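S.K.: Protein chains in written order, with this note's numbering: chain A, 1 to 256; chain B, 1 to 256; chain C, 1 to 256; chain D, 1 to 256.
One thing to keep in mind: the hints can contain errors.
[Claimed, not checked] Negatives, chain C to chain A, calculated, CB over 10 Å:
(1) Glu-39
(2) Pro-55
(3) Leu-59
(4) Asp-63
(5) Pro-83
(6) Ala-224
[Unchecked claim] Which bits of chain A does chain C cover? Going by a derived footprint, with three or more residues having C-beta under 8 Å, they are:
(7) 54-65
(8) 102-109
The set of hints was computed from the structure by calculation and includes no laboratory data. Being a predicted model, the structure only gives us computed values, none of them experimental. All residues carry an ideal CB built from backbone N, CA and C; glycine is no exception.
There are 4 protein chains.
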Amino acid sequence: MKETLIRKIKELSLKDPVMVEGLPGVGHVGKLVAEHMVEELNAEKIIEIYSPHFPPQVLVQSDGTVKQVRNEIYGCDRQGNGPDLLLVIGDYQSATNEGHYELSGIFLDVAQTYGVRRIYTLGGYGIGQFVDKPSVLAAANKIELVEEMKGYGAVFSENEPGGGIIGVSGLLLGLGALRDLDAVCLMGVTSGYLVDPKAAQEVLRVLCRALSIEVGMQALEERAKEMEKIIGKLQEMERASAPYECGGDEDLRYIG
Amino acid sequence: MKETLIRKIKELSLKDPVMVEGLPGVGHVGKLVAEHMVEELNAEKIIEIYSPHFPPQVLVQSDGTVKQVRNEIYGCDRQGNGPDLLLVIGDYQSATNEGHYELSGIFLDVAQTYGVRRIYTLGGYGIGQFVDKPSVLAAANKIELVEEMKGYGAVFSENEPGGGIIGVSGLLLGLGALRDLDAVCLMGVTSGYLVDPKAAQEVLRVLCRALSIEVGMQALEERAKEMEKIIGKLQEMERASAPYECGGDEDLRYIG
Amino acid sequence: MKETLIRKIKELSLKDPVMVEGLPGVGHVGKLVAEHMVEELNAEKIIEIYSPHFPPQVLVQSDGTVKQVRNEIYGCDRQGNGPDLLLVIGDYQSATNEGHYELSGIFLDVAQTYGVRRIYTLGGYGIGQFVDKPSVLAAANKIELVEEMKGYGAVFSENEPGGGIIGVSGLLLGLGALRDLDAVCLMGVTSGYLVDPKAAQEVLRVLCRALSIEVGMQALEERAKEMEKIIGKLQEMERASAPYECGGDEDLRYIG
Amino acid sequence: MKETLIRKIKELSLKDPVMVEGLPGVGHVGKLVAEHMVEELNAEKIIEIYSPHFPPQVLVQSDGTVKQVRNEIYGCDRQGNGPDLLLVIGDYQSATNEGHYELSGIFLDVAQTYGVRRIYTLGGYGIGQFVDKPSVLAAANKIELVEEMKGYGAVFSENEPGGGIIGVSGLLLGLGALRDLDAVCLMGVTSGYLVDPKAAQEVLRVLCRALSIEVGMQALEERAKEMEKIIGKLQEMERASAPYECGGDEDLRYIG
């Protein structure tokens, strides 16, 4: 296997679907939202993507069987109840720069095959400290989209993220523009230290408004509550140890 | 030489062989087992694989001649005394992620050419401390294989290995499933600090039961005894130096 | 997108243009000069280059829209007022060695398509300390060019830069020679710690003489003045902290 | 330029030439010998090789002109005074593993085109301390060559070099064997800290015996004397500073 393999799992007829991408990234915000949507909306897997750009690895599942790391595309026929959806999820993003470009190109090919005209990419924006009031930072690949997104509660902040947007969530906007596809990136503001289901809820709220659909939030809410408890304990520990230790945050990354 | 080179050494007619892979990895457990089997079963070399994904290196042998680093496939016609075998061994695994995918694809091509229907991949599972009671952790690419392997004494432990299985031993399961090939990974539990012939013996025992064959173990036993002595001395040294030094383990890696 | 994409934006008829390359590098000297020229001379964008060798990233602009990182070539019809120009600018250089070679080849292809016979590449030469008297170090790919450049005020210093010239600014000379294209690299001597508009001014002065054109310098001058103030403050801080701290320079890199 | 470029400079008719490779490596021993031979024997450049696997760099020469980094092959018609020669030299070896394989393949292609039947690769073997009595360690790709080389004064030492031979000097033996080309690696034993013309002299002595030719050594001798002086001073400094400092050797690497 020298080349990326696109494996069609199921034919599904969708009408002008919207693509939503949520691959792993900062705070796993995008991944939480997209996987939650796959589950809540009973989306069906239509494509699996295997690539030498992913880590050379299988994951061991709880029943003792393995899963080859991959990206997946799910389809969701909403039967007029809001737009049809194409959901992009996965275990990893590419381990190489070149792979990010190749995989983004593949996602855009799929989008065009299905007649997608708008893409939402989901991610987290790490600010290095715990977030009190959740918010969703956005960027878009057309100026008209900026005003529209503000209407859904997304925030645009000059020069943020200062480092740009890295990975598939950025490239779908940048390379999508070259194919004249509208694309918006919604980033849940998060500490960046932990998996952040609270930021994910906020992203999902903005996205639901943009898509004019409703998605049950209970699973994310429960996960957010658990995480709040963990954070509470961590902050307590931090306060207790602060006079003696610093940089302890380092060890808390991605618990969850 | 820009591409991987598959060099056929000998034609060998095998009937429904089982493939066994034991390339270098944690504790060199898989390598010890597979090379031991090649020797004990008088397997014959049928294929050499050279690749730009291996380190750009020759090994110097004791007679002053060199050996280009490579992977090799041996065949073993068991004449009805258990299943015929294809044994995959080598000096190195790929030095790149992409190479792991390419080489796994090549091994699977060879497997399919020979009509292989089951693959065993062998490795070590490093737990960071010396192991008192040897055991063999397993993972499989089909749920039916899990129960079967338990019958041979392999252990399945939820969420272990937590990091998944990396390299050819993992990919032959994951990519093998895409070709509908049954595959099992047997991992000898080991410290991960030293070459571990004792873990290799345990893996070989489980594998022999699975294959319904017998393989002499004397060479591995002798090597295990030597290693026990080394470990005894190391532990003595560690106890002696413990009050003054820590982290000394670091220097003991892969003595053997 | 697995391959570099050359996107033609506009046809422009140019007569024997000179190519000037100013991509990001030491002190961003080349980038400052080339982008300043694009602006001052009202050059028109004719080509955009996207590549998997660039970081997988979009930049977020002040209006909330994104820009896919890329290199760009601008054309400038000077209508007889000095030579026509092809200006190469961009957000990044290649993130891989191979990409530097590929992109340099593409720039040379464009140069040959437009009938370019001479190329100036612009960069900085970092000397690790603040520069009192600005100067421009040069290198060329033909011996006749060395004398000519001295006439414009460029300095050639034996064995400098000792490490050679790395990236597109070097390769356009080296690979350009293989296509019999004259090429000169002009390097503004700079500390290497900060974006250096003063070094950029000096490079622009030499380049204007070489091209027999005039380019307004006000924007660069203003930026240089601001930077002088920052440097003044930094040096003050350094003097103040010197007895207690060393290596503080490290933190000042590329402020600007 | 996406691919390695083989540029023919001159046609030269050679009879059964022997190939000698001396690219940069440990102590620059091989490079010193091969470049010395090119000069002493008035060899003529026949091929230049440019590759994206080399660093993306030009070297600045003393006259202000640049040189694209490359490998070069020189031919030497000895007119019956010993065998004709093909000498491989260069500024760098490949910066990637894959490049080592590709370039070795190219050198072997050239060798076969010219009817080469034997290859000598030259290098250094770093032992981490200054060498009192110079010697030449060897390895070969056929057992018959081992005895022959001992006759010329080369030493074969079991399990040395323990790490094998890395880079082109190793691959020409390993990949050469696959093409049935005889190849020997001669390694001057050296500290590995400094460019070592004394080790180079010893390698040249063994090589001259093997080739039955004579090559003037004066230039290497002079360089060795200069280096002896530097080493003398370094050892003096080391003795003086020994009670206070350790690990000072680190800073002496590749002075010369």
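S.K.: Look at each hint and say if it fits the structure.
M.R.: Here's how the hints hold up against the structure:
1. Glu-39: 21 Å, holds
2. Pro-55: 6 Å, violated
3. Leu-59: 4 Å, violated
4. Asp-63: Violated: least Cβ distance 6 Å, not greater than 10 Å.
5. Pro-83: 32 Å, holds
6. Ala-224: 23 Å, holds
7. 54-65: violated (count 0)
8. 102-109: Contact hint for the region 102-109 of chain A vs chain C: holds, 3 residues under 8 Å.
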